[in-house]
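There are 2 protein chains.
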Amino acid sequence: MTSYTNIKEFLLGRRLDSGEAAHQSLSKPVGLAVFASDALSSTAYATEEILLILSMAVSGGALMWQTDGTILGLSWPVAIAIAILLFIVTISYRQTIFAYPNGGGAYIVARDNLGETVAQVAGAALLTDYILTVAVSISSGTAQIISAFPELNQFRVPMAVVVIAIITFLNLRGVKESGRIFAVPTYFFVGMMFFTLIVGFIRHLTGTLPQVQGVEVLEHQVLEPLGLFLILRAFSSGCTALTGIEAISNGITAFKEPRSRNAATTLMWMSSILIVLFLGITFLSNQIHAIPSHDETVISQLGRTVFGNGSIFYYLVLAGTALILLLAANTSFADFPRLAALQAGDGFLPRQLTYRGGRLVFSWGILVLAVFASILVILADARTSALIPLYAVGVFLSFTISQVGMVKHMNLVGKLKPGETHDGLETTIHYDPRWRLKQVISAIGAVCTFIVMIVFAVTKFTSGAWFVVVLIPALVFFFFRIHHHYKEVARALSLRYTPVDTERRHVETLILVDKVHAETARLVNFAKSLNHPWHAIHIGINPEYAQRVNREWKERFGDEAELVVIPSPFRLLAEPLEEYIESRQAADPTGYVHVIMGHLAMDTYWEQALHSNSAFLFNLVLSRLDRVVVTTVPYQIHHRADGKGYETGEYQKVEIPVATGFQPTEPNRLAWVHKQDAPAHTADAPEASEPDNQT
Amino acid sequence: MTSYTNIKEFLLGRRLDSGEAAHQSLSKPVGLAVFASDALSSTAYATEEILLILSMAVSGGALMWQTDGTILGLSWPVAIAIAILLFIVTISYRQTIFAYPNGGGAYIVARDNLGETVAQVAGAALLTDYILTVAVSISSGTAQIISAFPELNQFRVPMAVVVIAIITFLNLRGVKESGRIFAVPTYFFVGMMFFTLIVGFIRHLTGTLPQVQGVEVLEHQVLEPLGLFLILRAFSSGCTALTGIEAISNGITAFKEPRSRNAATTLMWMSSILIVLFLGITFLSNQIHAIPSHDETVISQLGRTVFGNGSIFYYLVLAGTALILLLAANTSFADFPRLAALQAGDGFLPRQLTYRGGRLVFSWGILVLAVFASILVILADARTSALIPLYAVGVFLSFTISQVGMVKHMNLVGKLKPGETHDGLETTIHYDPRWRLKQVISAIGAVCTFIVMIVFAVTKFTSGAWFVVVLIPALVFFFFRIHHHYKEVARALSLRYTPVDTERRHVETLILVDKVHAETARLVNFAKSLNHPWHAIHIGINPEYAQRVNREWKERFGDEAELVVIPSPFRLLAEPLEEYIESRQAADPTGYVHVIMGHLAMDTYWEQALHSNSAFLFNLVLSRLDRVVVTTVPYQIHHRADGKGYETGEYQKVEIPVATGFQPTEPNRLAWVHKQDAPAHTADAPEASEPDNQT
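Chains L and B supply the protein sequences, listed in that same order. First residue of the first sequence: 1, per this note's numbering; consecutive thereafter. First residue of the second sequence: 696, per this note's numbering; consecutive thereafter.
So here's chain L without its partners, still in its complex pose (with noise of 0.2 angstroms):
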């Protein structure tokens, strides 16, 4: 067959060897890339959310902002809480990491402490923000590309396909490859951002700051009054900065060593970037009064603002915005597969989810996660408003599983001594003085983020949310099913109650014949060779073939053993073979039938495509039969080197003249002969007229 694996290596890159896993992890920088686009795509939208809330208030039935400038001016604060929040988080995940160094976040936290059904509820949710974080980030990284060139629009679907398409082609290539091409836009993006922020800082002290021109306002549909609700709405709908932050302590495992170590250092650089960009953001958002509009985002407004409008730096803050956004859902590529193949590993999912592939990446969660997030793009017309609501749900409630674990793992550690260790099942815990403080931080970190996934859950309830607060138990029940499924196979198998069956029993061998030709004759070989009772049979599709394959039989091999025809007047193939072989296994329950068919295997998928290739679909109905072993016997046709027509396997067939000349009719005395022994071909025999049929 044309190499199937020679096209695989060509657009994936050479197989790896699975002793090159060590040299496939990333370092810090890289892997502060990878991990960490996610959280700082965030900043992007995290200020222009708590604007949006504020903007809603309403005293004495008219728009605060617009009357009273201070309102909006609540962010700066808000802001403030949630910097603080996200140091919480962070210290609470830091943790984590050591606690937890084989990875798998929230997942293995509420495994080792909560019990097994927490567990799948964190798997679940973190999974479907997964799909999600791509199917958002995709989307909204599209939008602005359409912001940009607005004719584009009508290609919207397909055009953030293809970037699911591009991104989980460059993460099948392994995950040093695609972290390296993925770290340049990461950092353009932190150094324009970066740059921004200075340059604004500057232009504020030395009063050279303008305030923001030509926003188109946002008209607002649903108004609310000044009040704790609308600060506390305003507070959750920021900590959409917070997203993102769990990547590291999922991916530990693709650090270099010592893994820990590094992924607790990244996480800490991920962390201080975040709260100076967000805090920046907000703080200059302040000073320039940026207006949330539909029309153009705060960082537009922020960039022009500071650069001055058509200054070629506003134009790469975009670019580099956009392109942030899009790899946000790099970060979904790297650690969906590993959850999915520790829940795999756990039984709650399918087994082919711990599978890696050439690269030693997990193909099948890479390429479940592309087809997922492509579904949701489409069904979702690829706008990111219909998406957004369903976000963040999931992420906080993993944050909170994941924090109430840490609480509970650090009763663990508050019951050792002071050089004593417990060996948990993932980790050895060690004595910590400060035990008591982490475990208040990751107590108030969890209330919070609590807090914060129910205000999104009601808030978002009717605009999307409800289908998470749906699909979670949803796919927690599967889980289960999965999981129960597994485990009773298991027992079923299990060796434990299975008595070794010592006695040979009886094997009964049929060849199913469909033409008489040249494999037949291999199967006749292969069954003599065998050596147990064996007989042949045919299904008689079409009553006259099956006369005439009957009496080829006997011509040829009749002296060998009896033909069978079993009639099938429905033209059926497997059925009428059932109901024989169940015959044949009532006169002898205990022995073994043993179904032995031929497969004409060609050279190349088309031709292979010109036959009936029977044998595998026999082999699919017959494997629901007791004690019914098929048997395939391969037929090899391969095209002759000199391009004439075929030939078969290793084995040349040549005419041999017997003594009073050339009589084709008279079989060949002489059997197989090994292609290097053959001798010189002669004239070609003339050519075969038995019509094909049913080969």
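It is worth saying that the hints were derived from the structure and are not from the lab. Check the hints yourself; a few may be wrong.
Distance condition first, Cα-Cα at most 27 angstroms in a straight line; then the derived DSSO-like pairs of lysine-lysine [what the hints assert, rightly or not]:
no., chain 1, residue 1, chain 2, residue 2
1, B, LYS1223, L, LYS528
2, L, LYS487, B, LYS1103
3, L, LYS408, L, LYS438
Got chain L; can you put chain B on it based on the hints?
The following block gives chain B in isolation, referenced to the frame of chain L:
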């Protein structure tokens, strides 16, 4: 497995016995409806096509039809000429029906009289034209519906594909059923058209037939001076009225006995109705001064002028026309599969096209037609004007070939003396005193249809006919490639050159061990029962896991045979196995290597999907190796009747307590126990703790 057979029977009806074929044949009235709908539908646009061409005539710089009313009246003599040609071609095909009573039309005539190559050209022309007929008629019928409901325009393509699917489904249910269903709209159309013509003619005779009002004039892009070429073009365009005449001669086998006589009679009815409708429509169109227009069809103009705007009959005429256009597709569904089966039977198309399905129809042929027609509709965006230029070149090519073939056939007849007969390939040829006359008729018809074909190919070349001109030779090339393949395979397989290999050969047996559990026990048992030298192999993708398997094997089956672990550093399954097998073959090149593997067979598809099913993969890959035989030993896992977990096959595992109480780690000495003999199930055994990894 959930029954695929049951679903098929529910959708398509109970499976038909091959002996019921006679009952599935058609009576003449139903046969007319099935096979004539294509021909009858062309009356809906044939007249219009003539008027369209004539209205392009210019003289002295002015459009002639506007200055001189008689130019459009030229359509009448042109229509007469077309009717004469129609009659000639009918006579020719009537001869074909009697000469070739097994159907096949132009293909058989060519094969029998003009050689294999011409036959394949005819086959290619007919097959492409059947696909085009479906695409054109469905698009045209859909366009009629959209004229009535313009808001449906955006769903044009999905609507067309859905209609194709419905017709496909009805055809899969069987010839008789689909025929009955389609008869109603066909006769409705015929009835309405006759009614229209009668009423119109009466009004004409009584002088109460007005001229048509309110038609928006068609703007021509290309104009031509009045001349012979223009008349020729008008004649050719009008000849689309002939498309569909060959349908009955292709589908003779669908009729009840005596088939030829019934088919011939039906053909005469069809042509008579066709001529009357065509001439009637043309005549009345001239009387009402119908004008070719993009916005309204000539039939519509006729209907509302004869019956009056808003008359119910006017709408019924439109409805009938839309229906017959959709039904024209059905004729192709009757003929394409038969022709494809014929060509496949000769070895020029994949053999699968000869298979009859459960309802005695050529299921593969029907599905192939549906798929290609749908692709064409999607590519052409369901616009009839894009497809029409491709249309009819193939039809007139096949008309020409068929009639030339009949001319040659008549030479054979002419050589006979009265009372003599000649056994032809298809039928017995009798003496016919009027053979010379019939030959001349066919010759005239051949020349005319050839001219029409050339005119079509030239005038519509750039608008799409080039595709057909390129496609038909390409198809013929592929047909011969396929034929060459089947011929050469038959030669390679022919027992004429194959020595019958009577020696028994050595069989080395290998069992593939993945995990050590109950299925392994069965593989061991089968290998022992076969009684040839055997050992076990494990492909070591994961070195730690391989060690464990090795250990477990030694514990359980160490006495039986050795386990060889094959290293697989690149995590591949098939390649290491291949290499190992080749090394064993090197030791004994003339023997068989018998590879035995297990396959867990579940009850439902979703459960099956949770397992690796690698047996099928191995079967596929190992089929390339000569003298390597692959056996699948299935191990069924069934749902237990009480719903608690699984059990295997017809044997139940029973734990029979030994004298000193239940010892779960001691193998039970009573092996397989038939379920009916099993003692009442004891308490559930402790849960298996072996994690599943690779099953």
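Here is how each hint holds up against the structure:
Annotation: proposed proximity of LYS1223(B) to LYS528(L) holds, straight-line Cα distance about 18 angstroms (limit 27 angstroms). Taking the CA atoms of LYS487(L) and LYS1103(B), the gap is about 75 angstroms. The hint is violated against a cut of 27 angstroms. A hinted pair counts as satisfied when its Cα atoms are at most 27 angstroms apart, and LYS408(L) with LYS438(L) qualifies at roughly 11 angstroms.
Violation of the numbered hints given earlier is confined to hint 2; every other hint is satisfied by the structure.
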